[in-house]
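There are 2 protein chains.
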Amino acid sequence: MALTHDQTVITNGVNVTELSETIEAIRRRPELGAFQFRAKNNWLDGGHNRSTIRGFSGCGMEDDTRAEPFVFDADEPPMLHGGDKGANPVEFVLHALAACMTTTMVYHAAARGIEIEAVSSELEGDLDMRGFMGLSDDVRKGYHDVRVKMRVKSNANPDQLAELATYSPVYDIVSNSLPVHVLIETF
Amino acid sequence: MALTHDQTVITNGVNVTELSETIEAIRRRPELGAFQFRAKNNWLDGGHNRSTIRGFSGCGMEDDTRAEPFVFDADEPPMLHGGDKGANPVEFVLHALAACMTTTMVYHAAARGIEIEAVSSELEGDLDMRGFMGLSDDVRKGYHDVRVKMRVKSNANPDQLAELATYSPVYDIVSNSLPVHVLIETF
Chain A
1 MALTHDQTVI TNGVNVTELS ETIEAIRRRP ELGAFQFRAK NNWLDGGHNR STIRGFSGCG
61 MEDDTRAEPF VFDADEPPML HGGDKGANPV EFVLHALAAC MTTTMVYHAA ARGIEIEAVS
121 SELEGDLDMR GFMGLSDDVR KGYHDVRVKM RVKSNANPDQ LAELATYSPV YDIVSNSLPV
181 HVLIETF
Chain B
1 MALTHDQTVI TNGVNVTELS ETIEAIRRRP ELGAFQFRAK NNWLDGGHNR STIRGFSGCG
61 MEDDTRAEPF VFDADEPPML HGGDKGANPV EFVLHALAAC MTTTMVYHAA ARGIEIEAVS
121 SELEGDLDMR GFMGLSDDVR KGYHDVRVKM RVKSNANPDQ LAELATYSPV YDIVSNSLPV
181 HVLIETF
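Residue numbers (the working numbering), protein chains in the order written: chain A, 1 to 187; chain B, 1 to 187.
The following block holds chain A by itself, in its conformation from the complex (with noise of 0.2 Å):
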């Protein structure tokens, strides 16, 4: 792999040659690194919802290259009075943690032309039940503990490479505050 006149750099499966040039662009003109990203939901019944997902904007564009929308469904398992015909949200905040720390290590890396040849991971996350139902006020209802743990098969050392992953928006987004606002409307 050698960075040379008329040839794209492939590192960890990203393109490198292209990725910076989106970064330079971005740095010119910062208004460009803004993006919106967008979900649908619909209730179907008890704990089962659905959403969809497709359109988002960034780079001073509206994406249209989505053909069809993602689609994923969330349930509760039988022992919190659901159906099982998903994952519940927590477990797919999980799945977002995972697959952001992931992606950003190795875009990251790419970046700096430090080869990943695996990478795999587990999560846990501690939730006490007490605080959604409301039973306590002394308990959060969310996760109150969570733990990342990565095997990276790398030439790199393992600070470095932490060093990488928590440049991850959903690493921010689950471990620091976030103004949320919600607007309900009845009909």
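No wet-lab data here; the hints were simulated from the structure.
Where is the CB? At the ideal position from N, CA and C, for every residue including glycine.
Take the hints with a grain of salt, since some may be wrong.
Capping the alpha-carbon separation at 30 Å, the derived lysine-lysine pairs in DSS-like fashion look like this [claimed, not checked]: (1) Lys85/B - Lys153/A; (2) Lys40/B - Lys153/A; (3) Lys153/A - Lys153/B; (4) Lys85/B - Lys149/B; (5) Lys149/B - Lys85/A; (6) Lys149/A - Lys85/A; (7) Lys85/B - Lys40/A; (8) Lys149/B - Lys149/A; (9) Lys149/B - Lys153/A; (10) Lys85/A - Lys153/B; (11) Lys40/B - Lys40/A; (12) Lys149/A - Lys153/B; (13) Lys40/A - Lys153/B; (14) Lys85/A - Lys40/A; (15) Lys85/B - Lys153/B; (16) Lys85/A - Lys85/B.
Between beta-carbon pairs, the in silico distance windows are [as the list claims (entries may be wrong)]: (17) Pro158/B - Met61/A: 46 to 52 Å; (18) Ile10/A - Asn157/B: 52 to 58 Å; (19) Asn157/A - Asp159/B: 25 to 31 Å; (20) Glu21/B - Glu21/A: 58 to 64 Å.
Add chain B to chain A, keeping to what the hints say.
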């Protein structure tokens, strides 16, 4: 719908009789409220990776009711140099949030005898890619603002429904900070 002896109450598709029994059991024995959810993820290539979700523990036992794991692919769209083989991780966060606020509203309404006929929601998350790209220390990496707009067919008033929806564990996870412990090992 009336609660009588030997009759199960179902409201909003939720078995309120069983839900009340679970809440009462956890009220009496708080240790039963300790749940642990899990995900495993494997990197495939570039921005493409795959999570499997199956086991969890709660109510003092390990769940063994899922014959197969749930499997979710994450990827990045072409604009972010991926192959679009799945929604991207920050889009999964919006799905998790929509699903959790919907289920939470439906369950809490059911527990209070409030009937809900329909729920739909639209979510938007704003993210400045300069944070992820390391172009500015002043820009956070994840969403800096999330909006949740829910339309609910119910006789309950919007303020009460908002109060119920914000019991959501994912709303807590996203809007508040949370310790995420990262351990990376190389091989």
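**Message:** For each hint given before, does the structure comply? Return the numbers of the non-compliant ones in rising order.
**Reply:** 3, 8, 9, 12, 15, 17 and 19
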